[in-house]
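Participant: Please take these sequences and the hints and turn them into a complete structure.
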Amino acid sequence: MPSKAVEAAETREADGTDRAGKAAPRRSGWYVVLALCVGAWLVHNGFRPVTPPMPSAAEAFAAGPGHYTEAAADPLPPAAPVAVRIPGIEVDAPVLGLGLARDGSLDVPPAGNGNVVSWYKDGAAPGAKGTAIVAGHVDNARGPAVFYALGTLKKGQRVEVTRSDGRTAVFTVDAVEVYENADFPDEKVYGNTDRAELRVITCGGSFSAKTGYQGNVVAYAHLIGVKQT
Amino acid sequence: MRRPTARLLTGTALAVVSLGLTVTNATAAFGGDSERGDYGRDDYGRGDRERGSHQRDHDRGGRGRLELSPRNARPGTVVTVSTGACGHDGHGRGEAWSLGVQNFRMDPRHDKERATGEFRVPDDVRPGDHEVRVRCDNGREATGELYVEHRGPSGHVRTGVGGSVGRDTTQIAAGVAVLATAAVGGTRLLRRRASGAQEG
Chain A
1 MPSKAVEAAE
11 TREADGTDRA
21 GKAAPRRSGW
31 YVVLALCVGA
41 WLVHNGFRPV
51 TPPMPSAAEA
61 FAAGPGHYTE
71 AAADPLPPAA
81 PVAVRIPGIE
91 VDAPVLGLGL
101 ARDGSLDVPP
111 AGNGNVVSWY
121 KDGAAPGAKG
131 TAIVAGHVDN
141 ARGPAVFYAL
151 GTLKKGQRVE
161 VTRSDGRTAV
171 FTVDAVEVYE
181 NADFPDEKVY
191 GNTDRAELRV
201 ITCGGSFSAK
211 TGYQGNVVAY
221 AHLIGVKQT
Chain B
1 MRRPTARLLT
11 GTALAVVSLG
21 LTVTNATAAF
31 GGDSERGDYG
41 RDDYGRGDRE
51 RGSHQRDHDR
61 GGRGRLELSP
71 RNARPGTVVT
81 VSTGACGHDG
91 HGRGEAWSLG
101 VQNFRMDPRH
111 DKERATGEFR
121 VPDDVRPGDH
131 EVRVRCDNGR
141 EATGELYVEH
151 RGPSGHVRTG
161 VGGSVGRDTT
171 QIAAGVAVLA
181 TAAVGGTRLL
191 RRRASGAQEG
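Residue numbers (the numbering used here), protein chains in the order written: chain A, 1 to 229; chain B, 1 to 200.
Calculated directly from the structure, the hints in this document are not laboratory data.
Be careful, since some hints might not be right.
Pairwise CB distance ranges (calculated) [claimed, not checked]: (1) A:E70 - B:T77: 32 to 38 Å; (2) B:T169 - A:G112: 45 to 51 Å; (3) A:F47 - B:T80: 57 to 63 Å; (4) B:N138 - A:P110: 57 to 63 Å; (5) B:R188 - A:F47: 53 to 59 Å; (6) B:I172 - A:G88: 28 to 34 Å; (7) B:A173 - A:N113: 30 to 36 Å; (8) B:G76 - A:V82: 29 to 35 Å; (9) B:E131 - A:G112: 42 to 48 Å.
If the Cβ cut is set under 8 Å, some of the chain B residues that face chain A in the computed set are [said to hold, decoys possible]: (10) L68; (11) P70; (12) H156; (13) G163; (14) A182.
The structure presented is a predicted model; accordingly, all values stated were derived computationally and were not measured.
Note that beta-carbon positions come from the ideal geometry of N, C-alpha and C, so glycine has one too.
Facilitator: Next comes the structure, spelled out in structure tokens:
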């Protein structure tokens with residue numbers, strides 16, 4: 001390793017006698033050592049696997065799910081969603097209505113098409129009274145997918161759901177939280193509400209090559225308005 | 001917090017209304033079954049299903065009223081049923097044919113006047129109303145209706161395979177570049193030192 005040799009040389013130089021005219025090379029020697037450290041750190045860091053972004057603690061509920069910032073709009077009549085837009089994280093994806101998988105978990109769109117969002121069609125419609133649930137992939141075998149950046153979503157950002165009745169339901173983000181798979185809070189995420197709410201779910205948390213993602217990122221939002229198109 | 005309270009209030013209100021109906025027009029109460037249906041939409045009004053249909057279980061032809069708790073249940077829920085039809089210290093057997101629940105025991109547990117039993121709502125039952133029937137040892141019967149709610153999703157979603165997880169090639173490249181520069185700079189420095197030493 002040339003780096004070790006240089007370091008050794010530097011050490012020798014540092015131990016050497018302090019002769020006039022040697023000050024400049026010695027200082028540059030320290031720059032070399034510093035550069036070696038930075039380079040080694042960059043390489044080491046680069047080899048650590050990069051996982052999708054996670055929400056910060058500041059995006060969690062401040063005072064539980066009852067803490068709302070913007071006034072809720074009156075719920076709309078039910079109508080199936082057609083597309084989901086989240087301008088803050090550049091999401092604009094078509095919606096596929098899906099049911100439950102055999103184990104009772106929410107079915108997810110085929111992994112092949114990363115830019116599709118699934119909607120739990122036996123539950124509430126986005127904009128209608130109740131808790132509407134949409135989910136999408138964080139990635140697939142080819143790389144990042146539709147909700148890769150869900151963890152960077154911030155409170156107060158908008159989620160717009162275009163519906164089959166031509167209305168666009170506009171939601172504001174109340175919180176973005178991350179849960180370990182084993183501690184997934186069913187009632188908090190899927191539980192019914194007496195107003196129009198939305199949950200946007202994707203995978204997240206740490207990643208293990210054996211068992212995949214260890215958690216889910218969930219964005220909570222509520223209806224604040226309607227756009228007619 | 002809010003929801004169960006609201007639900008309780010709705011349930012109570014409906015029960016009161018239905019009792020009123022029963023008193024004023026007993027025959028009309030039996031015709032109320034047509035209001036049911038539309039099972040698929042239940043999630044739009046989960047919790048609004050408490051129509052108090054069990055209140056219609058009058059004593060007709062030896063049939064008693066069967067009380068269910070909860071009256072709206074999801075698959076997997078354990079439902080407790082009780083009736084006074086079996087008489088003092090009476091026992092019996094219960095079933096919910098359409099749920100595939102058979103032969104659960106009814107015993108006087110806490111209250112000698114009421115036979116009580118319980119069963120678990122199976123996982124794969126269809127949402128909607130299901131009749132629960134109890135046959136007492138004294139020959140009387142009691143029936144009640146259980147509304148099975150649609151089971152919502154549970155647990156985490158499987159929305160990633162790790163295809164985006166990888167090494168940060170930009171950082172590695174930058175690190176290698178910095179290391180290379182340092183190596184070149186270091187070598188030059190050493191050379192200069194070596195020549196300086198010879199001169200000195």
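Participant: State for each hint whether it applies.
Facilitator: Going down the list of hints, with the structure as the test:
no.	hint	result
1	A:E70 - B:T77: 32 to 38 Å	holds, 36 Å
2	B:T169 - A:G112: 45 to 51 Å	violated, 25 Å
3	A:F47 - B:T80: 57 to 63 Å	holds, 58 Å
4	B:N138 - A:P110: 57 to 63 Å	holds, 59 Å
5	B:R188 - A:F47: 53 to 59 Å	violated, 29 Å
6	B:I172 - A:G88: 28 to 34 Å	holds, 30 Å
7	B:A173 - A:N113: 30 to 36 Å	holds, 31 Å
8	B:G76 - A:V82: 29 to 35 Å	holds, 34 Å
9	B:E131 - A:G112: 42 to 48 Å	holds, 46 Å
10	L68	violated, 21 Å
11	P70	violated, 15 Å
12	H156	holds, 4 Å
13	G163	holds, 4 Å
14	A182	holds, 4 Å
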